[in-house]
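Asks: Spelled out from the first residue to the last, the chains are:
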Amino acid sequence: MVETVKLTIDGHHITVPKGTLVIEAARQVGVMVPHFCYHPKLKPDANCRMCLVEIEKMPKLQTACSTPAAEGMVVRTATTVVNEAHKSVLEFILANHPLDCPVCDQGGRCDLQDFSHEYTPTTSRFIEVKRVFPKEYFSPLIETQMNRCVQCLRCVRYCDEVMDVKALAPSGRGTMTEIKHFTHHELDCEFCGGCVQICPVGAITSRLSMYEFRPWMLKRADTVCTYCGDGCQITIQTKENQLIEVMSAQGAGRNNGDLCARGFFGYHVSTHPDRLQHPLIRRNGELVQATWEDALEWVAETAIRLKLAHGPNAFGGLIGARCTNEDLYLFQKFMRLVVGTNNIDSSARYGQINGVRALRRVQGTSRWTVTFDDIVSAEALLLVGTNVTETNPITGLKVKEAVKKRQATLLTIEALEPAVGTISNIANLAAHHFSVQPDGFKPAVLGLIKAVVEENLVSQPLAQKAPGYVQAVSEAVRRLSWQAIERATGSSSQSFIDATRSFTRTARAVILVGQGVLRAPDGSGLTATLLDLLLLTGHHGLPGCGVAPLAEENNDQGAVEMGAALEYLPGPSDANDQAARARLAQAWKEELPKGPGKSLMEMIEGARTGSLKAMFIVGENPAGSLPPSAGTMEALQSLDLLVCQELFLTETARLAHVVLPACSYAEKDGTFTNTEGHVQSVRHAIELIGESRPDWEILSALSVLMGYPLEYGDAKEIFKEIRSLIPGYGLLGPAPTPPRPDQAVVESYLKTGYSSGLAERYTLGERRAASGERKDFSLTLLVTQTLFHSGKFSTRAKGLLQVQAEGAFSLNPADGTRLGLAEGDRVRVSNDLGEMTTTVKLQDRVPVGLALFPEHFDQEARRLLRVSTDPATQVPYYKSASVKVEKAK
Amino acid sequence: MTMAKPKYELILLKNMLQPGYTGSLADYERAGGYQALRKILGKVAPAEVTAMVTKSGLRGRGGAGFPAGIKWGFLPKDYQGPKYLCCNADESEPGTFKDRQLMERDPHQVLEGIAIACYAIGAETAYIYIRGEFVLGAKILEKAIAEARAAGYLGKNVLGAGVTIDVWVHRGAGAYICGEETALLESLEGKRGLPRVKPPFPATAGLYGKPTVINNVETLANLPHIITRGPEWFASIGSPPKSTGMRIFCVSGHVKRPGNYEVPMGITCRDLIFEHAGGMRSDKPLKAIIPGGASASFFTPEHLDVKLDFESVAQAGSMLGSGGVTVMEEGTSMVWAALRLMEFFHHESCGKCSPCREGSSWLVQTLRRIVNKRGRMQDLETLTDLCQNIAGRTVCAFGDAEVAPILSTLKYWRHEYEELIRTAEANGSSELLMPAAARH
Ligand SMILES: Cc1cc2nc3c(=O)[nH]c(=O)nc-3n(C[C@H](O)[C@H](O)[C@H](O)COP(=O)(O)O)c2cc1C
Ligand code: SF4
Ligand code: SF4
Ligand code: SF4
Ligand code: FES
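One line per chain: the protein sequences are U and E, in this order.
Be aware that the first sequence starts at 1, since it is given in this note's numbering, and climbs by one per residue.
Be aware that the second sequence starts at 1, since it is given in this note's numbering, and climbs by one per residue.
It is worth saying that the hints were derived from the structure and are not from the lab.
Any given hint could be a false lead.
Cut-off 25 angstroms, straight-line C-alpha distance, at most; resulting in silico cross-link-like pairs (BS3-like, lysine-lysine) [said to hold, decoys possible]:
no.: 1; chain 1: U; residue 1: 18; chain 2: E; residue 2: 77
no.: 2; chain 1: E; residue 1: 198; chain 2: U; residue 2: 41
no.: 3; chain 1: E; residue 1: 210; chain 2: U; residue 2: 43
no.: 4; chain 1: U; residue 1: 130; chain 2: E; residue 2: 373
no.: 5; chain 1: U; residue 1: 43; chain 2: E; residue 2: 191
no.: 6; chain 1: E; residue 1: 198; chain 2: U; residue 2: 57
no.: 7; chain 1: E; residue 1: 411; chain 2: U; residue 2: 60
no.: 8; chain 1: E; residue 1: 242; chain 2: E; residue 2: 307
no.: 9; chain 1: E; residue 1: 191; chain 2: U; residue 2: 180
no.: 10; chain 1: E; residue 1: 307; chain 2: U; residue 2: 405
Computed from a predicted structure; not experimentally measured.
Please model the entire structure based on the sequences and the hints provided.
Replies: So, in C-alpha cells, the structure goes:
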C-alpha cells in the first residue's frame, strides 16, 4: 500500500501519495502553479522562485515545486500575497530579458510569454541597462540566445540527470550566468534535443527550423519514430506539408517525451529531394518513368508468366522491418497466397530472428517478458554486446535511470572500454565491466555461469526441480578452465566471481542482449545461454526479470510477429505447426503453401544458381547492406523479375526491372511493434510525396492484377484482420503487458530441450590473437552502429549529417602508437578481400586490438567483410574481419 | 594587527597574546592544549560531549547563531556509515576577520575543537573549507595538521583510543556564497558552489548526501575550553541564558584602534567602540554602525547602548551575525555606503534565484544612479519594493542579507537619498536615465 496524505489546495480536498510535491498535487485538482525551473523529470531545484504559494502555519511563502505535500496541509495559490509574489518574481525575471519575442522561435509557446500575459503589467519599472551577452556560435543543430535565458537550469539538469551526458553547464555568476558547453570546441554531445525541448523560453532552440514557423501555423501528428526498436512516440509538426520539427511531449509514449538525435533531428528523410516520385520501368537497360498502370500491369503479367513457367517457389520475397505491421502482414499474405511460396524473409533476419528463436526455445515466448519499466526498477542489469545508447538510446535512458536514480548494479560485456570524457558509453556507468573482443562475448558469459556454478550460487529450487539440467550445465562449465576464459576475455576469474555475486544478490534482474550477440555467429545459442544464466541464478520467471534481445529496427519485432519469415506464420507460430496452419487456412479460406521456404541468403544463392527467377523486395536493400563478397549484386542481376518498392533509388532498386515508389512512415497510417512488444499507432503527418503509395496498397493493387485480390479499404482494415489472428494486438494500451514464460516450454527445456547444441554453446570457440600478442599490423575491424545514424536513410537526414557526415577508423591510442598512426592520418586498411582508405581517430574507448568503423559509412569497409551464415537460423554474419593497417602513401 | 589590552579574561585570543607564542604544537601543549581532547577521548561518551556543549549554550559564530549542541543532536541517531564535519573557514563577510586570526595564530586550538566535534558526532573525516585568499592560513593549518597527526592527536587511532579523525584543508576559489553552508558542501563536492534547497538539512543529507555538521571556526575553537573548564563556567560568561561565552568582534571603520576584540557577549556598542577600539579616529561624531557584518542592518548613534548579544541586537532590528562591527563617522554618505555594500552583494549573488540574481543588479544600478545624481523620487519606492520582494523569497539567506543595508539606510537616512535626488531634479539629470554610453 502506498502511504497517502490529505491536503487542501485552494479549497479542494485531495489525497495524494506521500512524497507528492505540492505543485503536482495542485495540478491534480486543476490548479496550475506558474513555474519555470520545475520539471517532473528533474529533481527540484527551486531556483526560479516562480511557484511560491502560501502554506498555512509556515511564515514565509514556500516553493510548491520543492515542498512535499503533508497531512493536513492547507495551500493557497491565489491569495493577494501569492499573486503579488508571482508578479514580482516575473518582474525580476523580465528585468534583463530582451523581450525580443518577434524574432524568437519560442514565441507562441513560451512559458515566459504566457505567465507575463497573466501576471505583469504591460510596462516595466526597470529603466536600467539590460545585460547583453555577445552572440556565440553553439553548435550546428542547436542555437542559443542567452539573453533570453531565465537561468532555470532545466537544460543543464536534464543533460546531467536524464542523459548523463553533462555537456552543459552554467558559467559565470549572478546575472552574468550563461549556459555553455565545456571547453572551447563546439558542442560535443548526444544531440538528443532534450535541452531544446525542456527550455521553457527561447534560449535554446533548434537550428533546423529556425525562423520558419509560429506554433499556431503548425499541424501536428502523433506518430512513432522509425529509427530504432525503441519506438519513441513523436509529434511531427508540419507547415503546408513541409516537415518543420519533431518533438515529444512529457508523458508521451514509452519514451516519456525523451528522444535521441535521430528522432529529434533526423526527420528530413521523408522530404529529401531524391525521393522517388513515380514508378520506374527498365526499358533498354535504363530505368524510365512510367505510369502506375503500366508498371503494375507489367509486373503482374511478368509474374504470372514466370509462375506458370517455373512455379511459385521460383519467387522470393524480402521486406524491410521498417514497414508497418500492416505492410508486413499483407506482404507475407501476398507471398503465401498470391504467389504461393514460403520464400519469405525480412530484415529481422539480420539478428532479431536469433533473439526470438532463443526466447521461444527456452521459455515459449516470442517477446520480452519484461518492459522498459522493469528495466528502470531492476536491481541488476546485465548488458551483453550492446552499447545500448548507440543502438537503442531510450532503452539506454531506462538503464541510466535505473543506475543513476535507483542505484541498480550495472554489468556490461562489450567491445568497448569505459573512458572518461566519452559520451554515450554505457560502460562508464558499469559496476562490473568486461571489455572483450567481438568473439569474447560468449567466453565472458560462460565465465559468469562458471562463477555461478563454482561459487554455489545455483538456485536451490532449480537444482531440485531440474537436477539433470543443472548437472549438465555445471559439468559443461567445469570443463572450461579459468585460464582459458581469462585468455579469451582478458578478465580475471575473480572479476567474474565478483560480478556474479552482485548479480545473484538482487531480486530483480534484467539481461539486455544487443547486436554484438544477435548479429554474430550463434547469436541464438548465446541468447539461450543467457537464459540459462537467469535460470541458474533463480531469477527466471520472477516478476520484473527476463532476457530482452534488443530490436535494432523499429519494427523488427512486428516483422517476426506478422510472419514475414519463412519459418513463422503470423503469431508468430511455427510454419510447420499443423494446428496453426489449419487456423490460418480457415481464416484465409485458402490452403497455405507447403515446403520449407528460403531465407534471405538462400534466396540470393537461388538467384545466383538460377533456381529463383523473381523477387519482390519491399523497403530493403540487400545489395547495399550485405558485403560485396556475398555476391548479392550479381545474383539479383540474374533474376528475370526484380520488383522493388522503395523511397529512394538504392543499390538494390538500381538493379530492379520495376521500381515502385513507396511512401515513408510520415505519410502513412498503421502500427509498429517496438522492442518490448508494444504496439503503437503510426499516423501520417504529410501528404504523399509525388505518386508514392503505402506499401500495402501497392501489394493490394498487384494482388488484384495477379488474380488473387487482397483488398482492404485502409490500413485499419488490415489491422482488424491482424487483431483477429495475433494475440497481443487486441487493445492498444499505454504500456505493453508482457507475456509470462510458458511453463510447459520451460519444463521441457529443463528436461531435455537444453541438451541439443549444449556442447557447442558451452565451448569457448576459436579466438583471434589479442593485440598484445600481435607482432604484425593486424587489427580486428568491427562495423558498428553509431548514435547519429540508423537504418538505411539517416544519411539522407540533413540534421544528422551535420553531426556526423563520414566514417572514421577508430582505434585505441596504444594501437595507434604500435602501428605508428596519429589522429587524422590516412590509412590503408586491407585483407584478402579488398582494401579501403580512411582516416584514423584515436579513442580510449576502443579496446586494444580492435578498430571500429560506423556501418552507415561503410560502403568501402564492407569490401573487407566476409559473410558466414548461421546453419541453424540462417542469419548472415558480416560485422567483423581481420585487417591489416598501414599508413596510406 | 592592533590588539587592545585585555580587560576581561580572554579565552580564544589568550594564547596568541602571550609573548613569544608561535602557535606551534609545543607552544599550544605548553599552554594546556589538547588536554580537553585527552579528557574525553575514550572516557566520555560522545553523546555526553554533545550534552556538555548544549549545556554551555554555545551558539554558532558564523552568522545564524544556532546552538551548536542542538545542531549536532539533529544527526540521525542509529546511522551507520560515514558522517562529516565541515569547518567553515570561508570568512568572506565584509568587515569580518576573526577566523583568519584564529587559524593563523593558534591553529591547534581550532584543530582541537575540530577533533572534539568529530568525536562528539562520530565523524571520522573533517574538512576545513578555507577562503581561497587565505593562503597563509591554509599553509599554517596544513603544517599544524601534520604536527598533530605525528603527535597522535589526529589520524588513525587518536591518542590510542581507537578513534579515527582525519582533517583535510580545502581551499575555496573565491566566491562569497561558498560560505553559505550548503553551497560550501556543493563546492567541496567539486561542483559549482550554489546553495541547496533545504530541507533536506545537512544534518540528514549533507556532504555526499551523508549526515554532516557545519560549524564556524570560532564556534569550534570554543570547544576545548568548554570541555576543560566545564559548560557551567562557559554558560556563566556573557549574557546568559541565551548568549553565553565570549565573542570576538572585528571592529573596523572610522575608529582609532580597529581590530579583533574578544569580549563577553552583552557589552554595549558604546563600550566596544569607545572603550576597546579607542573611540572615533577624528573629532567627527559617530554616524552609523554595522553591528554584525555586511548583512546586518545599520545602527545609528541611538543604538550605542544596545547590548551586543543575539537577542538585544535582534530586538533593535539588526543581527549579531558574524561579529563584524563597522563604524562610520559623520560625513559618510549613507547612500554611497549602501551602494558600496550593494556592489559587493551584486558581485557575489550566485545567480541561482531570480529575485536575488536580477534584484541585486537592479538595485545596484538604481543606487548608482541616485549616487550619481540621476535619481528620481519614485526610485525610492521601487528600491523598497524590490528589497521586500527579495527578502524571504530566495533559496538562501543571502537574499535577506543583501537588502538590509538599503532598507536600513532608507529607514534612518532617507533624507540623504532625497537630497541627492533633489539635486538631480534641480539640474535636470533625472531625465538622463540611461548612462551616456548606452544612449543612442
Ligand atoms: C551568504 C552566506 C554566507 C555565509 N558565509 C559564511 C562564512 O563565510 N563563514 C561562516 O562561518 N559562516 C557563513 N555563513 C553561515 C553558514 O551558512 C552557517 O550558518 C555557519 O557556517 C554555521 O556554523 P555555526 O553554526 O558554527 O555558526 C554564511 C551564510 C550565508 C547565507
Ligand atoms: S537555456 Fe533555457 S533551460 Fe537552460 S537555463 Fe536558460 S532558460 Fe533554463
Ligand atoms: S531512434 Fe530510437 S531512441 Fe531515437 S527517437 Fe527514434 S525510436 Fe527513439
Ligand atoms: S539567494 Fe542569492 S546567493 Fe542565495 S542561492 Fe539565491 S541567488 Fe544564490
Ligand atoms: S518552479 Fe518552483 S522555484 Fe522554480
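Asks: Would you mind marking each hint as holding or not holding in the structure?
Replies: Taking the hints in turn, this is what the structure says about them:
1. U:18 - E:77: It holds: about 24 angstroms lies between the C-alpha atoms, which stays within 25 angstroms.
2. E:198 - U:41: holds, 20 angstroms
3. E:210 - U:43: holds, 18 angstroms
4. U:130 - E:373: holds, 20 angstroms
5. U:43 - E:191: Distance of about 16 angstroms is within 25 angstroms: holds.
6. E:198 - U:57: Distance of about 17 angstroms is within 25 angstroms: holds.
7. E:411 - U:60: holds, 23 angstroms
8. E:242 - E:307: Given that 25 angstroms is the threshold and the Cα spacing comes to 13 angstroms, the pair holds.
9. E:191 - U:180: holds, 15 angstroms
10. E:307 - U:405: violated, 51 angstroms
Violated hint for the displayed structure: number 10, the only one.
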